[in-house]
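Use these hints to put chain B onto chain A, whose structure you have.
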Amino acid sequence: MMDVGRHPRIKLLTYSEIEEISGYIGNFRIKIRRKARYVDENECTACDECVEVCPVIVPKEHQMGLASRKAIYIPFPQAVPSAHLIDIEACLGFDPIACSKCAEKCDKNCINYDDKDKIIEFDVGSIIVATGMDVYDPTEFDEYGYTRFENVLTSMEFEILTGPGGVTKGELIRPTDRKVPKSIGFIQCVGSRCEKRGNPYCSNVCCMNTIKDTLLLKEYYHDIECKVFYVDIRASGKGFEDFYRRSKGLGVKYIRGIPGDIREDPKTKNLILTVENTSKGSIEEHELEMIVLSVGLVPRYDSDVIQKLLTLSTTSDGFLMEVHPKLTPIDAPTSGVFFAGCCEAPKDIKDSVTQASGAAARALTILSQDKVKIEAVTSIIDEDKCTSCGICADVCPYGAIIVDKKAKIPAKVIEAACKGCGTCAAECKFDAIRMRHFSDEQIMAQLEAILEENPEEKIVVFACNWCSYPGADLVGISRMQYPVSPRIVRTMCSGRVDEKFILHAFELGAPIVLVTGCHPVDCHYIDAQQWAQRRVERLWDKLERKGIRPERLQLEWISASEVGKFVKTMEELEEMRKKVTREEIEETKRILSKIKK
Amino acid sequence: MGSETRIGVFICECGSNIAGTVNCMELMEYAKSLPDVVCVVVNRYTCAEPGQQEIRRYVCEQDLNRVVVAACTPKMHEPTFRKCVSDAGLNPYLMEMANIREHCSWVHHFDKAKATQKAKELVKSAVARARLLEPQKELEVPVTQAALVIGGGIAGIQASLDLANAGYPVWLVEKAPSIGGIMSQLNKTYPTMD
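Chains as they are written, first to last, in the numbering used here: chain A, 1 to 597; chain B, 1 to 194.
Chain A on its own, in the form it takes in the complex (with noise of 0.2 Å):
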């Protein structure tokens, strides 16, 4: 941490939030929220003299309540910035008649009640996102009593209260009585492993946590007897089943078995716990003095603040998703973005470490280098046709296309802006917008090779790059089966999906057709997805009039992780394709032909 604080080449901005990023690999914009703090971070020399005269007293957030602070504050003595800040929402001196006692104290004049946010600009070529996760609230868990107990406490509590900097310097106290408990039980898997409340993954460090736990307990205290409650214990790492069997030989109790209630004795506020230990196949009790409740890891609250920034998707347990599970672990589907940490999935010290390493190289490789190449997808206006009537501009969601309507002058693409989602192709009615390397000529080819024969037995799929096609991919990955019917096409962006492409998969005999994409707040291209919602809306009304039944085209938002949702649409579509007849699918190309002369 102080290596981070002294680095020449690292700016630290703490209290710190990202407000916007835009641009592009090798070139991203940044814009941060700088909050003010009220303390000067550089000259304060955290002397804590404001902090003894400060009058508010309110909980420590770093302690998790267990320890109190004042409205102006040190998070933890070893912060970094090593400075004070001020609380603002508890300070009684944003009004200095009321208390400007700190500041009246402070020799060096770092008190500042005016200070202000400050937005900071920046350009870089590479981002990794390293945000990390958040503990499991175990409050569901009723039957545990954790809102009841006060000697039923958390691992992270635990973390505190054994912690040389907690209240009670690393002595392990129970709560009611300040006394170093006799017995304590360790409750595995709480909040993970549950397909019905918590989370249905496994968390991967609280089985290593809690035999570190009872390490550290057999240590200081000799005699307290330990109990472990588990259904397995996961101890795959590097040394870690040696670690495993050091607790057991220092007498740790391991029972296989989840408890399904604690009570609590009134009178000793000791906590009866009821387990099957499904190795012996019965029902016993334990009486204990304290009881930890291992609890799991799971994403960050705001993480779809980053989310949003990024355009990132999350797999189905909410972490960040990557490129690739085994091949790319590490890289965003962003171009330029890469994971550390917890933000990507659970995982301890080490593996955060390690894969902060391996963002570091990943980021290294863009860095490295003087110039990057841009995937050569944008579009490219035909002069000749535009008629500078401005939709193209109107639906771009980047501003990369720009148009002089009253002078007439026809429109121009900013290649470098462009990102090629290809909404204004598919919006352009006079076909004055040509997509490189998604023509409209292409699509339509793959649209006519797929169906040229047997078109009643196909489902013609639109699926997007970054949702829909890897969501299918996945599907195979994961080895699940669907009908055989469906014919993926791929497009960078719903937005892509033209409506004459639509039409002409009808004209050539598909009895059914699929847009899918990312869900609105998911949209690779800001929100260029909402064109292709308005679209097919659009052509359902078009079609109805045409006496063509609605229903044949569909549209679904289909992430990168729903499988079981893809499959699910391609079944119930086999189940649609099957009731259109030939005869309906003459029709509507009897229809369509007609519409064309």
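Please note that a few of the clues may not be correct.
[Unchecked claim] According to the in silico footprint, chain B covers these stretches of chain A (three or more CB under 8 Å from chain B): (1) 9 to 15; (2) 64 to 78; (3) 125 to 134; (4) 360 to 370.
No lab work stands behind these hints, which were simulated from the structure alone.
Predicted model, so just to flag it, every value in this text is computed and none were measured.
Idealized CB from N, CA, C, for every residue including glycine.
Below, chain B without anything else, positioned relative to chain A:
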């Protein structure tokens, strides 16, 4: 390059991942019948060096100007094969992939005949598209040689130090008033107990 379109189709067995379901020999015979296809090659693993070597060799020997790789998802190996054809002197955008693994062999595992038929159509569609592909020039943009690290926990700290020690400026942005993250709340940690 002459004006004649000359397509090479490279079918990947992917060990048994594709060949276990799709009859690759039948697929090969079918692909030969498609318009503008001048050669069809089946490889055990097209992405492996011998497979890529075959592509480069055929591009040169057969004077190919389009390449269709029938293998896995382009999300995985499109960059690999773009680079491969580009090493053989072809514009990388003249390579097209047919996803006959994730979208075919793996999801229609129990119906080999239908999966093979679908694979044929996926290749046919890729060939149809390949015939209309055009060379594209990628825009080269300068790189800002600095990094942003979001989050100052143990992972963000490690990444920042590595990047800074490699000589690049780093902006480390942390939401809380101090860096350290959850790590700073922990007592001793496994397996070193420090």
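Broken hints, by number: Structure breaks no hint.
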